[in-house]
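A.B. asks: Sequence:
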Amino acid sequence: MARQSLILTPTNDLNLRPSQPAVMHDSPTSTPAPMITVPLPYPGKVTAIPYDTLLVLSISRRFVEEADLTDVLGFLKQLTASREAVFACRDRLILAFEGYDHDPREIYAIPEVTAYFRRLNAEWPHWAWFCVKGIQQARTIIALLADTKVVASIAGRTAASIEPAQHAAVAASLNAAVDCLAQVFGIPPDAAQAAKDRWLIDYS
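By this note's numbering, the letter at position 10 of the sequence shown is numbered 10, and the numbering carries on one by one without gaps.
The set of hints was computed from the structure by calculation and includes no laboratory data. Wrong hints could be hidden among the right ones.
[As the list claims (entries may be wrong)] Have a look at the derived ranges for each label pair, beta carbon to beta carbon:
#1 Ser173 x Ala81: 15 to 25 Å
#2 Ala165 x Asp101: 31 to 41 Å
#3 Val151 x Ile36: 27 to 37 Å
#4 Ala165 x Glu84: 35 to 45 Å
#5 Ala152 x Gln183: 39 to 49 Å
#6 Asp147 x Glu123: 16 to 26 Å
#7 Pro43 x Ala152: 42 to 52 Å
For clarity, every value in this text was computed on a predicted model and none was experimentally measured. Think of the CB as a built atom: it goes at the ideal place given N, C-alpha and C, for glycine as much as any other residue.
Given these sequences and hints, build the entire structure.
C.D. replies: Okay, structure coming up:
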């Protein structure tokens, strides 16, 4: 089973919160959306997947340990290959890591995972536009990119600390990637800003 890891505080404040189920951000009844785990290498076109289906990108431990970005990056680049794909796949991506279920550390506390994800992010930083909002994915992604410290673990829930200045810098770089997409693919300014604002739901 693929593992998702949540960072539960963006700064030095201790604030334990439970995780939330994945739902489509625009679902009026908050009904859990259908989802598929993307096969890697991905054999088809992402635009052929039904629009209401979430895309689970499960990065295997083998990819991490072999430092192999090829198949993961190949799929991600499909999302930004055309204007059609950029709009069709907005708010549909769920990031997960597979093979770490028995590791007691949070995913952002595993050095090889953070090293892998930082290399991946250097090649493809567009998480703020494509990731599902409202399920704390922004926390996980920023935790992977920043120097994050676990400060408490209570009843299966974890709190972590990131220096505010570093958190702001990482968040700004992710939002800048939205602006880059907007420039390349003609995304209206209000849509780009809305994507960045919804990205902050994970910290509300």
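A.B. asks: Take the hints in turn and mark each one as holding or not.
C.D. replies: Results of checking the hints against the structure:
For the pair Ser173 and Ala81, the supplied restraint of 15 to 25 Å holds, since their beta-carbon distance comes to about 22 Å. Taking 31 to 41 Å as the suggested C-beta distance range, the pair Ala165 and Asp101 conforms, at roughly 34 Å. Against the hinted window of 27 to 37 Å, the Cβ-Cβ separation of Val151 and Ile36 comes to about 36 Å, which satisfies the hint. Ala165 and Glu84 have their C-beta atoms about 38 Å apart, which keeps the hinted 35 to 45 Å range intact.
In this structure the supplied range 39 to 49 Å holds for Ala152 paired with Gln183, their Cβ-Cβ distance being about 41 Å. Evaluation of the 16 to 26 Å hint for Asp147 and Glu123 yields a pass: the beta carbon distance comes to about 21 Å. About 43 Å separates the C-beta atoms of Pro43 and Ala152, a value consistent with the hinted range of 42 to 52 Å.
When each numbered hint is compared with the structure, no violation occurs for any of them.
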